[in-house]
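Colleague: Let chain A serve as the given structure and place chain B on it in line with the hints.
Number of protein chains: 2
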Amino acid sequence: MEYEKAWLKYHRLSNYKDCTFFCCIYVRESDLVIETAIKELQLAVKEILGIDCDRIHNPNGREEYNMNSGIYFVADQSIQKEGYHIYAKEQVIVIQAGDSKGFLYGVFELIRYLQRNQSVRNIDYKMEPDIPYRMLNHWDNLDGSIERGYAGNSFFFQDNEIMVNERTRMYARLLASVGINATVINNVNVKDCATDLISDMYFDKLRAMASIFKEYGIQLFLSLNFAAPMELGGLHSADPLNEEVRTWWKEKMVEVYQNIPNLGGFLIKADSEGRPGPFTYGRTHADGANMLAEAVAPFEGLIIWRCFVYNCQQDWRDKVTDRARAGYDNFKPLDGKFLDNVILQIKNGPMDFQVREPITPLFGALHHTNQMLEVQIAQEYTGQQKHICYLIPMFEQILQFHTYLQDQKDTIREIISGQALNQKNCGIAAVANTGNDSNWTGHDLAAANLYGFGRLAYQKDCTAEDIAREWVEVTFGSNKEMITTITDILMRSWPIYEQYTAPLGIGWMVNPNHHYGPNVDGYEYDRWGTYHRADHLGIGVDRSERGTGYAITYQEPLASTYNSVETCPDELLLFFHHVSYTHILKSGKSVIQHIYDTHFDGVENVENMMKALDKIKEYLPLAVYNRMVPRLEEQLRLAKEWRDQINTYFYRKSGIIDTKNRTIY
Amino acid sequence: MEYEKAWLKYHRLSNYKDCTFFCCIYVRESDLVIETAIKELQLAVKEILGIDCDRIHNPNGREEYNMNSGIYFVADQSIQKEGYHIYAKEQVIVIQAGDSKGFLYGVFELIRYLQRNQSVRNIDYKMEPDIPYRMLNHWDNLDGSIERGYAGNSFFFQDNEIMVNERTRMYARLLASVGINATVINNVNVKDCATDLISDMYFDKLRAMASIFKEYGIQLFLSLNFAAPMELGGLHSADPLNEEVRTWWKEKMVEVYQNIPNLGGFLIKADSEGRPGPFTYGRTHADGANMLAEAVAPFEGLIIWRCFVYNCQQDWRDKVTDRARAGYDNFKPLDGKFLDNVILQIKNGPMDFQVREPITPLFGALHHTNQMLEVQIAQEYTGQQKHICYLIPMFEQILQFHTYLQDQKDTIREIISGQALNQKNCGIAAVANTGNDSNWTGHDLAAANLYGFGRLAYQKDCTAEDIAREWVEVTFGSNKEMITTITDILMRSWPIYEQYTAPLGIGWMVNPNHHYGPNVDGYEYDRWGTYHRADHLGIGVDRSERGTGYAITYQEPLASTYNSVETCPDELLLFFHHVSYTHILKSGKSVIQHIYDTHFDGVENVENMMKALDKIKEYLPLAVYNRMVPRLEEQLRLAKEWRDQINTYFYRKSGIIDTKNRTIY
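Order-wise, the sequence lines are chains A and B. Note that UniProt numbering has the first sequence beginning at 1, numbered continuously upward. Note that UniProt numbering has the second sequence beginning at 1, numbered continuously upward.
Keep in mind that a hint or two might mislead.
Claimed, not checked - Listed below are the simulated PhoX-like cross-link pairs for lysine-lysine, each with C-alpha atoms no more than 25 Å apart in a straight line:
#1 B:K319 - A:K640
#2 B:K640 - B:K589
#3 B:K319 - A:K660
#4 B:K39 - B:K214
#5 B:K660 - A:K319
#6 A:K480 - A:K617
#7 B:K126 - B:K660
#8 B:K214 - A:K319
#9 A:K81 - A:K39
By construction, these hints were calculated from the structure, which means they are not laboratory data.
With the rest of the complex left out, here is chain A (with noise of 0.2 Å):
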């Protein structure tokens, strides 16, 4: 279990300008939070400027211009929650911020100014985190294995004990200095022991480490098992509705805040691929929430209740059954019916974490719901840490999407920030990459994920390729040709991985079970509702409202936009609608050309990407580059793989030649 310090492996700087600042912190009250912030901000100036930076009581609070030169901590109460201001004058440099974790971030982005060598002498910058919860989500197993894992086995378990240690520090201090505010240490599929988290088998270890988070200003979450009041309370139902059920749970809630005080609540996915939940009573998923939110209501708990529930029995021969609307017609009918301590959180999209999908509709279908983006920087569907896939520039989109919920303020963003609908309980989670790899995340470059997760929502100004270079120049310095060529790589990434996979918004053609590689038919005999349709002539799933109808649950005029083949994006162009393979694109290519041209351009790009980083490996650390080459290779191997499996079975299926000539089996 060793590990690295990702971007907080801090360089030293010997010609830095602004040193003068850094010579003492002035602070007159201090909590918990704000110890940390001062230590961070000491670690950080010994280790890249070698001084040490003294601490100074502060008696009246007040920044003092002409007195001495340091850094103040001002509280301000007419800052927002979480946010800051710095700026500099004269000798000083203040941070003024409105609670304890703003003094956090704000010493955090101080730092980043210092990693990236720039002068603070003009600083004047003001933040104010729109997204009140910004949440990783770990599907770590007790067993020490982890769902999707690609980085490793799990720093949080190990053969069902739970593990407090050095690493859970620094775990917290990479998520801190992003801005990420909660996390869930356990997997969604709750089984076997991870039912008795909530017991005091581990109640200590839960509390030393939410301990641990409560300094970096995190808190702790726990998944829970809906039919916990059968397998730990022996009782003979988990009915919301049961009267005995809803006293276990009132109980229960009680034992465990008393055990673990910090703990800010409960991530639930019930009802869905095999979880138990309140459909098998009769019950809606409201009564479900509800139930357990009235239990943690007394503790200020939150009750986060996931919307990935869906008929995964389908028969493949059932054209009217769609899993994309699957989301929609399972709560847009229950808008309105939840308590406010429970907050849905949403897929992106209507399936599951493919390369490219449309944005769900039920963020635009919801008007009195306390609401969670859950997007995935685990690459389950999108290469798994061999590949290079940055994903920022796709949650950019779809947190700048317009639902059309209402005429103002109505984007993913504005939606899950709260200002949409004017609500508290709002955030946006992601689905944790990390494991107990040395570099947290396999694949070195896959950390830009994590860290481009937690800046993307706190710093709502920041662009996905701002993020990027931002992390290439903390993680790896400051070379301009270096970092120029990471950042072009991490932000062609998605488009390149998105070439030589399944094409026009289509999706699946993975392999079953581990979703690895291409198998254009794994899916299409299935019972999980993820096909493609194919024929001699054409392709796609009509979702228009000749179809499934899926298209039309968008409001206006996404509805009308996606409806219609005319006007539906290319991109999107397969899952809404069947189309021949000779249909022209916007694009001016037939679709049959489109799917042969991008799959021969992927493998050329992985080859340009390649050669490129090969270009400026002397400024990687040799471990880093090491890492890295062998899984250049088997994103090569596989994108070439992809490439004539795709093209040979759209070939062999439509008997329409490549108008190129390129080789095609």
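Modeller: Frame of chain A, contents of chain B only:
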């Protein structure tokens, strides 16, 4: 580990006419196996007729027609090994045999007369088996699992321990009753603890097991790990030409045979699917086999060397390499290079136990090599003992197949009986379909394959249909309608299974790994050399001389027959040729219409089979019928799934409609 007695569960006959013959047994000399014969006869006579059949010493060893009724065991050296002659004369029945096993097999034949309520008054039946080794291959692992096992776990092994108990004896009785005289109890993939079977960890138990088997005329064999000198002996090599290695094996075999004196020898899978072998050292299979053969020769041991050797890392894009050629290409050049106590064990087809394959050309290619046919009664690709698939008609075809190895005596049966090439170490092996399910084979009707394999191998004049009827009668009794119905179902079951699965000899189209259920492209882009090459115009693998050349590895006239689309039999057409969907078969149908018709017919036939069974259910034990019902339902469910997936796949690919306009998705 409860067990039933399968076809050795005797039912009392109240009206048997010829009871007087069964009053006593006259025997002169006896040995272990003759004692078994006596006990078996006494048991059957007691249970079927209610008679205590006394054993009487017969000092001169000859029959005495005029004195006493009874059954006389008479040694007669003119009868070949393991054969017998049973005849009735006046008051007595005489069983003549040339050796002890002949008496045992004669007794079981006589018992079958009783079981079937047949008169023995005019019995005069002589049988001398032609195939020397009639063997089972169990793919049982020491942890108790069975590779490709569909009837529970192993009854030989559990938790890395060997079990020797009453079930071992029952197993031996079942085998002896149908003439099986050898068995390999562990998986050919020898890993982990199985390597230790030739160490003193397991000698005691193996000796005990071998002793029980010996009572029933069965020789114990073991599968061997070619890398044992390294894994067990700590040597740095397993090179068959390395003197240290050779010495290790010689010494090891002295030790093994001192401890298990009855051991028949060893079965080896080398250089196949990841198993170690002589290729690692640049040696030939002959080098490998002969090294072991020398080591076991002093103990009259046999080395049975599997020919299932192929490149399992094929690139699907490669249309030159042909897995079907592998057996021929690997072993034909070694003809004549093997010692006389080596037998090559050759699978019936060139691929791997598909529902339909051509007979491997290797049988027609070896002139100076001992050969053994390997078939599989474990229904890996033929419904996994959930579907009814009586395989004996397939084996019958295989045994009757003319290889054109030479002008006379060129059938597979003549080759593996040793008659064709005047050999003594030859035989037939079946991968076993047993497990610790109480009825031994999961599906009760699958027991017909175990029974039938032994009977077909032993009794050269039996047809598959005779055997089916015989098995039904000895298992389920004498109701005529029941016998006709089940015999008919068994006889139709293999053709029906072929109807609803992969068409016209192309094979595969199953789910990878577990090999159950349809998946047309399941192996199409994989590394196993098992492709159908279907595109929008046609399907099939060109194995003619214009293709991979596999067809012309056969002796003439087979080579010409298979090489030409005009003469190739319909049922193997797609194995040998790539043809258009509109190609007209000898049946008069197009390929595509044949696919549609057979798949619709297959499902209908399963439904008819179920109706027929339902009509005679009263004649089956309730427990048997209750075990069968869910399997029949599963067979119907999956037959429909096969029908719909195959028809849809080819309709979507070809665009050609079913002339009968039935439902295709």
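Colleague: All hints are to be evaluated individually against the structure, with a verdict given for each.
Modeller: Hint check:
1. With a C-alpha separation of about 18 Å, the suggested pair K319 of chain B and K640 of chain A falls inside the 25 Å cut-off, and the hint holds.
2. Distance restraint check for K640 of chain B and K589 of chain B: the Cα-Cα separation of roughly 22 Å lies within the 25 Å cut-off, and the hinted pair is therefore satisfied.
3. For the given pair, K319 of chain B sits about 23 Å from K660 of chain A by alpha-carbon distance, which is consistent with the 25 Å threshold.
4. Distance restraint check for K39 of chain B and K214 of chain B: the Cα-Cα separation of roughly 15 Å lies within the 25 Å cut-off, and the hinted pair is therefore satisfied.
5. Between the alpha carbons of K660 of chain B and K319 of chain A the distance comes to roughly 23 Å, so the proposed pair stays at or under 25 Å and holds.
6. With a C-alpha separation of about 13 Å, the suggested pair K480 of chain A and K617 of chain A falls inside the 25 Å cut-off, and the hint holds.
7. Restraint check for K126 of chain B and K660 of chain B: not satisfied, since their Cα atoms lie roughly 54 Å apart, outside the 25 Å limit.
8. A hinted pair counts as satisfied when its Cα atoms are at most 25 Å apart, and K214 of chain B with K319 of chain A does not qualify at roughly 62 Å.
9. This hinted pair checks out: K81 of chain A and K39 of chain A have alpha carbons roughly 21 Å apart, not beyond 25 Å.
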